[in-house]
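Novice: Protein chains in written order, with our numbering: chain H, 526 to 671; chain Z, 526 to 671.
Any given hint could turn out to be false.
Same chains, same names: a pair is fine if it fits in one copy or spans any two.
[What the hints assert, rightly or not] Below are the BS3-like pairs computed for lysine-lysine, each with C-alpha atoms no more than 30 Å apart in a straight line:
{"#": "1", "residue 1": "K543", "residue 2": "K629"}
{"#": "2", "residue 1": "K617", "residue 2": "K670"}
{"#": "3", "residue 1": "K617", "residue 2": "K583"}
It should be emphasised that the hints constitute simulated quantities derived from the structure, not laboratory data.
Number of protein chains: 2
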Amino acid sequence: MNAKFMNNAISQAKNAAKLDEVPVGAVIVKNGKIIAAAHNLTKTQKDATAHAEMLCIKAAQELLCTDHLFGCELYVTLEPCPMCAGAIINAKIDEVIYGAADPKGGAVDSKINLFAQNFNYRPAVYGGIKEEACRSLLQEFFEDKR
Amino acid sequence: MNAKFMNNAISQAKNAAKLDEVPVGAVIVKNGKIIAAAHNLTKTQKDATAHAEMLCIKAAQELLCTDHLFGCELYVTLEPCPMCAGAIINAKIDEVIYGAADPKGGAVDSKINLFAQNFNYRPAVYGGIKEEACRSLLQEFFEDKR
Chain H
526 MNAKFMNNAI SQAKNAAKLD EVPVGAVIVK NGKIIAAAHN LTKTQKDATA HAEMLCIKAA
586 QELLCTDHLF GCELYVTLEP CPMCAGAIIN AKIDEVIYGA ADPKGGAVDS KINLFAQNFN
646 YRPAVYGGIK EEACRSLLQE FFEDKR
Chain Z
526 MNAKFMNNAI SQAKNAAKLD EVPVGAVIVK NGKIIAAAHN LTKTQKDATA HAEMLCIKAA
586 QELLCTDHLF GCELYVTLEP CPMCAGAIIN AKIDEVIYGA ADPKGGAVDS KINLFAQNFN
646 YRPAVYGGIK EEACRSLLQE FFEDKR
């Protein structure tokens, strides 16, 4: 875990906001280098599964030509939802580092801890990294919507 | 729910086996008609997220030009994993009908019930539909692997 990579995830989230997408961004890091970056695209792609983490996982798999992301760290600005937490298990990502907690939809700490349910794989988790920056992006986005 | 559509999901699962993929198949039905069909493609696509349900959800969204699958039923031969159960919540699918339970990885009944965790959406669930046919496909597949 290196908190500096959250800045890259935050940049991705800002790009999402420019497209009027909920500002959530993610990057995947392997051996200290970013190998994939993505942001939420659910509205643009009309795809409820096009969360930042899913798009990032797919991009990393494509780059590495494998469906196992051993040795990879996922940095994401918002606590993953159940779908993304499940994808993290399936892809066997080593570490998950998230920014803001998601009291309503978080599946890693807030609402449930999917990783503690004894599925066949359990990543390390670091929450609350650059939380204030991650959360304020979301707050500003939703305030503008009112 | 109409159990006959599980036969179509089973046909999809058989197609998966022909490609040496774990035989899990799914179809999505709206207004009594199949609008999407898919099977597991994780090995072929080198993508840990390429489960039958995910591919089916994406295909249905594309067809309907929307990320909300209201009025849709998902038939799948195996109990959904956490990722797929989470995608079902995100896409707001009305009903989930599954065949064989998955004691090790099922996130709808067996290991946990993700839909009972008070996320923002809860579909109806019917389990054990044409269970024997769905399960025997999986058993034969894994016996051949020994």
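Novice: The structure should be examined with respect to each hint, and the outcome stated for every one.
Specialist: Checked hints:
1. K543 - K629: Intra 24 Å, inter 42 Å, cutoff 30 Å: intra-copy only.
2. K617 - K670: Only across copies: K617 and K670 sit 23 Å apart there, 36 Å inside one copy, limit 30 Å.
3. K617 - K583: both (13 Å within a copy, 22 Å between copies)
Of the numbered hints given earlier, the model fails none.
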